[in-house]
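**Q** So the chains spell out like this:
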Amino acid sequence: MALLEVENLEVYYGVINALKGISFKVNEGEIVTLIGANGAGKTTTMQSVVGLLSSKSGNITFDGHDISKLPCDKIVKLGMTQVPEGRHIFQELTVYENLLLGGFLLKDQKIIKEDINMIYERFPRLYERKNQIGGTLSGGEQQMLAIGRALMSKPKLLMLDEPSMGLSPLLVDEVFDIIKTINNEGTTILLVEQNAGKSLAISDRAYVLENGRITLSGTGKELMSSEEVKKAYLGG
Amino acid sequence: MEIITTIINGLSIGGIYAMIALGYTMVYGIAKMLNFAHGDIIMVGGYTIYVTMNLTGHPLIAIAVAVVFCVILGVTIEKVAYKPLRGASPLAVLITAIGVSYLLQSLAQIVFGSAPKMVRIADMGSLKIGSLKIQVYTLVTLVCTIIVMICLTLFVKLTKTGRAMLATSEDKAATQLMGISVNRIITITFAIGSALAALAGLFYLLKAPSISNTFGSMPGIKAFTAAVIGGIGSIPGAMLGGFLLGIVECISYKIPIIAPYTDAIEFLILIVILLVKPTGILGKRRREKV
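So the sequences go chain by chain: A and B.
With the working numbering applied, the first sequence covers 1 to 236.
With the working numbering applied, the second sequence covers 1001 to 1290.
If you are wondering where the hints come from, they were derived from the structure by calculation, not from laboratory data.
Treat the hints loosely; a few may be bogus.
Claimed, not checked - Ranges of calculated distance between the beta carbons of each label pair, as one might list FRET restraints:
hint : chain 1 : residue 1 : chain 2 : residue 2 : range
1    : B       : R1086     : A       : G186      : 32 to 42 Å
2    : B       : I1095     : A       : T219      : 53 to 63 Å
3    : B       : I1095     : A       : G186      : 47 to 57 Å
4    : A       : M165      : B       : R1086     : 22 to 32 Å
5    : A       : T94       : B       : K1083     : 26 to 36 Å
6    : A       : A37       : B       : R1086     : 28 to 38 Å
7    : A       : K180      : B       : I1095     : 52 to 62 Å
8    : B       : G1087     : A       : G86       : 14 to 24 Å
9    : B       : K1157     : A       : A37       : 43 to 53 Å
To be verified - Straight-line Cα separation of at most 27 Å, DSS-like style, residue types lysine-lysine; simulated pairs:
hint : chain 1 : residue 1 : chain 2 : residue 2
10   : A       : K69       : B       : K1079
11   : B       : K1157     : A       : K77
12   : B       : K1172     : A       : K113
13   : B       : K1157     : A       : K74
14   : A       : K77       : B       : K1172
15   : A       : K156      : B       : K1160
16   : B       : K1284     : A       : K107
17   : B       : K1277     : A       : K56
18   : A       : K113      : B       : K1160
19   : B       : K1160     : A       : K107
20   : A       : K156      : A       : K113
21   : A       : K69       : B       : K1032
Being a predicted model, the structure only gives us computed values, none of them experimental.
Note that the Cβ used here is the ideal one computed from N, Cα and C, for glycine as well.
Model the full structure from these sequences, guided by the hints.
**A** Structure follows, in structure tokens:
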């Protein structure tokens, strides 16, 4: 069953038609990737789905709910969240406070404590730096924190926008490993990446976004062996 | 010994400025707007105290009614006047705020007339410690404002809602991704700011028990100056700026040559600080990210 279904999503920035009616779906348990060049509309798609962009048309259904008109906080309550491009951690709050905010929707203090400890186990670096303010973390640590913070809300669907951006090759591998692990534990993933090779390798399915349109779709393997994708996104 | 009295007076008036400044700075930090009608909430609080004192004669009831009424008014103004302008140009919001300010002043003039009204809340007398003579209301004001500020600081630091307020002031998009309704946080901020303004109205009336429709203008401007001096958007900055301005004001009043220029001196401090540190004493330059 499709957990997320996007139909004919269209977005205008003023007169610029950023998304020209795209449709895609994410089934429960999958890792789905949108790949595409800069300006193809990947981040616009992500922000539209999660409700950060409201001037859009088309249908977005999540877990049986029509979310196309809902504001972001209501959508997050339904069980979807996003690690935004550029991580957007709270720079002036501590690692611990960032995680607490991630668990804002949880009511039970005990569960929040347990969840934070689980995040610390997954990312020991965050435990070491729990009282440090977010702005002083390295890029990799900030990415771990952004992912940990998003996991605190126990989303059914976790969306990650360019999680490998600006990280060293070693950390990029680590981030993709983490995404794979999170998926194995039962969270559905929608990923946006410029690093097509690494993301296709872990994806069940993928879509290629070009100038606001989906031009190609298939399983991760299919797209990896597609001549077009090889030429445009995998460096020949 | 005179200097000690002056400093206590300065801290007391500074405490009032700080409470008003907190309203400006929190609203600016979270809604990114300058709420120029904030000073007039003080005036509405003052008139509410005047009316309830006449009706009930009981100061505590008057204060409670004033706080509740100002909270409802502040939240209503936000919903009716500012919320529809979310995303509009800052200038449109600013002009709307000035409009709301005039609206409140004019309404007060229609209802209460333009002649000042006397408001006797409580005569607390004065206290003598050795050669030190202190008005009791200054001590009451100082203690109360400090308690309120400690509570507010703890609220922001330790509660979920407080953390959500800090998060909103830093990054609205990320805050929404935590499932937090930014509109709700803005409403709470206006409620807190208005409650503080009502209390400031009370303390001002203890000091000078006369109220007219421009009652809130000067404290409003002074407190706004204090908020900018301390660094607008910063909660400790508003407190620091308020106390600083209060002390400068009281010291300046005590020196005959410069006493008539006290207001000018306070605004001069603002100009100097903006020249030396444009973000204010505790203000931080936000890195704008794309």
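**Q** Confirm or reject each hint.
**A** So, going through the hints one by one against the coordinates:
1. Remark: the range hint 32 to 42 Å for R1086 of chain B to G186 of chain A is upheld by a beta-carbon distance near 37 Å.
2. At about 56 Å, the beta-carbon gap between I1095 of chain B and T219 of chain A stays in the expected band of 53 to 63 Å.
3. At roughly 52 Å, the beta-carbon separation of I1095 of chain B and G186 of chain A lies within the given 47 to 57 Å, and the hint holds.
4. Hint check: M165 of chain A to R1086 of chain B, Cβ distance near 30 Å, so the stated range 22 to 32 Å holds.
5. T94 of chain A and K1083 of chain B have their C-beta atoms about 32 Å apart, which keeps the hinted 26 to 36 Å range intact.
6. The given range of 28 to 38 Å is respected by A37 of chain A and R1086 of chain B, whose C-beta atoms sit roughly 33 Å from each other.
7. Judged by the Cβ atoms, the range 52 to 62 Å given for K180 of chain A and I1095 of chain B holds: they are separated by roughly 53 Å.
8. The given range of 14 to 24 Å is respected by G1087 of chain B and G86 of chain A, whose C-beta atoms sit roughly 21 Å from each other.
9. Under the hint 43 to 53 Å, the C-beta atoms of K1157 of chain B and A37 of chain A, about 44 Å apart, fit the expected range.
10. The straight-line distance between the Cα atoms of K69 of chain A and K1079 of chain B is roughly 21 Å, inside the 27 Å bound, and the hint therefore holds.
11. Between K1157 of chain B and K77 of chain A, the direct Cα distance comes to roughly 24 Å. Compliance with the 27 Å bound is thereby established for this hinted pair.
12. For the suggested pair K1172 of chain B and K113 of chain A, the alpha carbons sit about 25 Å apart, so the restraint of at most 27 Å is met.
13. For the hint linking K1157 of chain B to K74 of chain A, the alpha-carbon distance of about 25 Å falls within 27 Å, and the restraint holds.
14. Between K77 of chain A and K1172 of chain B the CA atoms are separated by roughly 17 Å; this keeps the pair inside 27 Å, and the hint holds.
15. Only pairs whose Cα atoms come within 27 Å are accepted, and K156 of chain A paired with K1160 of chain B is accepted, the gap being roughly 23 Å.
16. With a C-alpha separation of about 33 Å, the suggested pairing of K1284 of chain B with K107 of chain A is violated against the 27 Å cut-off.
17. With a C-alpha separation of about 42 Å, the suggested pairing of K1277 of chain B with K56 of chain A is violated against the 27 Å cut-off.
18. This hinted pair checks out: K113 of chain A and K1160 of chain B have alpha carbons roughly 14 Å apart, not beyond 27 Å.
19. Proposed proximity of K1160 of chain B and K107 of chain A is supported: the alpha carbons are some 11 Å apart, at most 27 Å.
20. Proximity of K156 of chain A to K113 of chain A is assessed by CA-CA distance (about 20 Å); at most 27 Å being required, the pair is judged to hold.
21. At roughly 25 Å between alpha-carbon atoms, K69 of chain A and K1032 of chain B fall within 27 Å of each other, so this suggested pair holds.
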